[in-house]
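So the sequences go chain by chain: F and S.
Numbering-wise (my numbering), the first sequence opens with residue 1 and increments by one.
Numbering-wise (my numbering), the second sequence opens with residue 1001 and increments by one.
Calculated from the structure, these hints are not laboratory results.
Where hints are given, some of them may not hold.
Listed below are the simulated BS3-like cross-link pairs for lysine-lysine, each with C-alpha atoms no more than 27 Å apart in a straight line [as the list claims (entries may be wrong)]:
#1 S:K1049 <-> F:K173
#2 F:K177 <-> S:K1019
#3 S:K1173 <-> S:K1126
#4 F:K49 <-> F:K111
#5 F:K173 <-> S:K1173
#6 F:K19 <-> F:K49
#7 S:K1019 <-> S:K1111
#8 S:K1111 <-> F:K173
#9 S:K1173 <-> F:K126
#10 F:K177 <-> S:K1173
#11 F:K173 <-> S:K1019
#12 S:K1177 <-> F:K19
#13 F:K99 <-> F:K126
#14 S:K1111 <-> S:K1099
#15 F:K173 <-> S:K1177
Predicted model only: the values in this text are computed from it and were never measured.
Chain by chain, the residues:
2 protein chains.
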Amino acid sequence: MQRKKAVVDAKIESASIAKGLLLIHTGNGKGKSTAAFGLLARALGHGMKAAVVQFIKGRSDTGEEAFFRGNANLTWHVMGDGFTWETQDAARDLASARKAWELVCGYLQDKTINVVILDEFTYTLKYGWLTIEEVCAALQARPSMQHVVITGRGAPEGLIEIADTVSEINLVKHAFKDGVQAMPGIEW
Amino acid sequence: MQRKKAVVDAKIESASIAKGLLLIHTGNGKGKSTAAFGLLARALGHGMKAAVVQFIKGRSDTGEEAFFRGNANLTWHVMGDGFTWETQDAARDLASARKAWELVCGYLQDKTINVVILDEFTYTLKYGWLTIEEVCAALQARPSMQHVVITGRGAPEGLIEIADTVSEINLVKHAFKDGVQAMPGIEW
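With these hints in hand, go ahead and build the complete structure from the sequences.
So this is what it looks like as structure tokens:
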């Protein structure tokens, strides 16, 4: 174990490439989005500029939005207003997802934006609103120093292949199974 | 899948217990601490009071510390100055760890603190500086509405047993393996 750690430490020390990273937080556990928001805090702490695009139909009364909104180096979009996973209007869902994607593409072409967070983005692929080909093409054509964080369950293999760092967050246990309600500050 | 989701949604809707939660972020992947910092943002966004105690000997030039420090509802301690994992002075390590733990115990008895984050805490157990019994006793005696987040690899079974929500973050891939250096905004 000690030897393995030494090998890893040596690798880290000799690492010299500086580049924009594509990070993916996937899996069924709690922490995918919260880890993205932690990274956002970290990036803003370094004076970086960031954009957050949230894809799930979402509340705008979350603690994270209240906390981050108003930061001069950050833009924050809740794009889910127009579509959910269970609406009866598939055409509207598709149109809303594509509109959100156009917004994302603008950020992926803007080298003044250092970090782009695509929260709950994987569902747009799962539901077929976007193709893996167009998404990978846009990600790979982005400014070379721009970091992108994608969160959501079931990240497809094609996305994992082009990513630099991928974490799979698994659920060992969750409080809601014991009847605990979604607590402010924890779940939203 | 749809049926499973409906069952889960029903469980979430009927969940009615409000309580302080013990969350654990463990595993070998990237995102354990960043998820804790995301949760911190979320909690501060709700006007909660929080304390962060970092146990690993650490730099104080991180993006997260720069970003969060100065928030009136937050205290932030980097306790690793006095001990590392590879020092030659085991007695000093133990004394430093115990001093950090005393500080933590103060927060765990203070009901005005809504969220306590113990970053990289599991190592204090791994190295035997604290016992699982004393840690579990202090956690279980804390104010009933206080949330605690513990991060670090190899969370022991005794800690997982008393936790409410546990996420295991596994490494699928990591950029440093491709020679990418620790990028500001991403790794620190």
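| task | Could you work out which earlier hints the structure fails to respect and list their numbers in ascending sequence? | result | Those not satisfied are hints 10, 15.
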